[in-house]
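Student: Next come the chains, spelled out residue by residue.
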Amino acid sequence: MTDATPEHGSILAVRRGPGANCSSIGSAVEMLFLSATAGVALLAAANAALRTAPDEPAAPSETPSDSASAHPSESSDASPPPSP
Amino acid sequence: MTRITAARPEHFGAWVRIDDGTLVAVDRALATRLSLDGGPWWTDAPPRPLPLEVHVAVTSRCPADCAGCYQSATRDGEHVSLDALTSTLDALSAMGVFTVAFGGGEPMLRDDLPALAATARARNLVPVVTTSGLGLTREKALSLRDFAQVNVSHDGVAGGYEAVRGFDGEALADRTVRTLVEAGVPVGINHVLTRQNLAHLAAMLDHARALGAVEVQLLRYKPAGRAASLDYLARRLTEAQVDGLGDTLRALAQRHEGALSIRVDCAMVPLLSNTITDPAALARFGVFGCEAGRNLGAVRRDGTLAGCSFDVRHDAVESPLRGASIAAQWEASPELQRFRDAVAAPSEPCAQCSLRSMCRGGCRIVSAHLAGDFGPDPECPRVRAFRATKTDP
Numbered sequence: 001m002t003d004a005t006p007e008h009g010s011i012l013a014v015r016r017g018p019g020a021n022c023s024s025i026g027s028a029v030e031m032l033f034l035s036a037t038a039g040v041a042l043l044a045a046a047n048a049a050l051r052t053a054p055d056e057p058a059a060p061s062e063t064p065s066d067s068a069s070a071h072p073s074e075s076s077d078a079s080p081p082p083s084p
Numbered sequence: 085m086t087r088i089t090a091a092r093p094e095h096f097g098a099w100v101r102i103d104d105g106t107l108v109a110v111d112r113a114l115a116t117r118l119s120l121d122g123g124p125w126w127t128d129a130p131p132r133p134l135p136l137e138v139h140v141a142v143t144s145r146c147p148a149d150c151a152g153c154y155q156s157a158t159r160d161g162e163h164v165s166l167d168a169l170t171s172t173l174d175a176l177s178a179m180g181v182f183t184v185a186f187g188g189g190e191p192m193l194r195d196d197l198p199a200l201a202a203t204a205r206a207r208n209l210v211p212v213v214t215t216s217g218l219g220l221t222r223e224k225a226l227s228l229r230d231f232a233q234v235n236v237s238h239d240g241v242a243g244g245y246e247a248v249r250g251f252d253g254e255a256l257a258d259r260t261v262r263t264l265v266e267a268g269v270p271v272g273i274n275h276v277l278t279r280q281n282l283a284h285l286a287a288m289l290d291h292a293r294a295l296g297a298v299e300v301q302l303l304r305y306k307p308a309g310r311a312a313s314l315d316y317l318a319r320r321l322t323e324a325q326v327d328g329l330g331d332t333l334r335a336l337a338q339r340h341e342g343a344l345s346i347r348v349d350c351a352m353v354p355l356l357s358n359t360i361t362d363p364a365a366l367a368r369f370g371v372f373g374c375e376a377g378r379n380l381g382a383v384r385r386d387g388t389l390a391g392c393s394f395d396v397r398h399d400a401v402e403s404p405l406r407g408a409s410i411a412a413q414w415e416a417s418p419e420l421q422r423f424r425d426a427v428a429a430p431s432e433p434c435a436q437c438s439l440r441s442m443c444r445g446g447c448r449i450v451s452a453h454l455a456g457d458f459g460p461d462p463e464c465p466r467v468r469a470f471r472a473t474k475t476d477p
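If you're matching them up, the sequences are chains Y and F in order.
Quick note: the first sequence uses the working numbering, first residue 1, plus one each step.
Quick note: the second sequence uses the working numbering, first residue 85, plus one each step.
One chain only, chain Y, in its complex shape:
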């Protein structure tokens, strides 16, 4: 279900949000049970958003700290998506 167009790049994952809560980043139940339709719709919306976004991102966050980027690879968590 990725937007696989090598020359244009791909969407790897989508996390709908923000969801305020006291415990965690929530998972949308419709993704659990209605993923065939809800997932496609969410991916299409994200795809459309990025295709229509201005070339220059507005107010990007700062590059993460040097101390973090100097850390060696972590076996399980540093892997690329599908689990970003």
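Among these hints, one or two may not hold up.
A few chain Y residues that face chain F, going by a derived Cβ cut-off under 10 Å, partial list only [as the list claims (entries may be wrong)]: (1) Ser-10; (2) Arg-16; (3) Ala-44.
A few chain F residues facing chain Y, derived, Cβ under 10 Å [said to hold, decoys possible]: (4) Ala-113; (5) Leu-136; (6) Gln-233.
If you are wondering where the hints come from, they were derived from the structure by calculation, not from laboratory data.
Heads up, the beta-carbon is just placed ideally off N, CA and C, and yes, glycines get one too.
Once you have looked at the hints, place chain F on chain Y.
Tutor: Chain F only, in chain Y's frame:
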């Protein structure tokens, strides 16, 4: 036109946030098209991932005395100073965090809650907050529009609220949702599931929708704070309730599709393990189990960093990293590493489980309370079945 409101380079490409708050992971080619430069993130060895969302405890004060308060908040608890919180927000912004969730105690008791939201916004952080509604006035509701969403704790209708929390806050929660909706603030509802209120879940969701909430977040009852007692065993979902939870949620998702978003927290994912059929697809849409120490962190009232806001076990312990920067704690905290190690090297049955990469081993707060370690979640149906085969003659 949709705007990209924030972006953070990653080893795989980048996370970008679009203006409705949705986070999208893109590969390097698409990131380049969006004019992002990965710099060392694309050339050096993969660094430790940084959190997408961090929860920040802003007070330990709350007069509700809820029986299961995971923060053990009290009437004479103290607010964290605005200066300290501003420093925390500076640090989180510098790390590229996207969302900050304020919690307590009762954050609404702070007069400077609107200022906190503005301070987060000024640092390009998306602020959200959870409240019981105590301390909310119409005037205050109007001042909360900088929050992307306010979640109101509401544990049930028909007596369900009082059964879970020990005080009857149902009318307060209803009034709070209505007041916020009237003020134009997007409202979600946090609903803790226990064996006492599960039977009323369908009615609760209908009620939430009628009140004008845009979302209901279903939370697992966790043995933290005052809930870390023998009473936990009498409040957690029964095995039969857990086994039927998938069918219940499927029906409710269909009933409210397109009208009310229903979410589950990370701790609920293992309880649905017998229902999940395509973990890779779900992971692509942000459905994950324990995120502690990976995409999620939590800043305690004393400034120490935890894997999640329920990890309060070390509150009274002097941390060797107390006083260190948030980034340094994220990097070096043994507490966070314990969460990461549990995911990287799980024991059976998680090690061979097809859901391993998505479920991530279940809720460590539950397993630590029940088994004394960060092993497989003992309330997961798959773990229960595995252990039953080991004990059956």
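Student: Are the hints correct? Go through all of them and say.
Tutor: Hint-by-hint comparison with the structure:
1. Checking Ser-10/Y against chain F by beta carbon gives a least distance of about 5 Å; that is within 10 Å, so the hint holds.
2. Given hint, Arg-16/Y at the interface with chain F, holds; its Cβ is 5 Å from that chain's nearest Cβ, closer than 10 Å.
3. Nearest Cβ of chain F to the Cβ of Ala-44/Y: about 12 Å, over the 10 Å cut. The hint is violated.
4. Hint on Ala-113/F holds. Least Cβ distance to chain Y is approximately 3 Å, under the 10 Å limit.
5. With 10 Å as the threshold, the beta carbon of Leu-136/F comes within range of chain Y, its nearest partner Cβ sitting at about 7 Å, so the hint holds.
6. Annotation: interface hint on Gln-233/F holds; nearest CB of chain Y at approximately 4 Å, less than 10 Å.
Figure legend: structure checked against the earlier numbered hints; the only hint not met is number 3.
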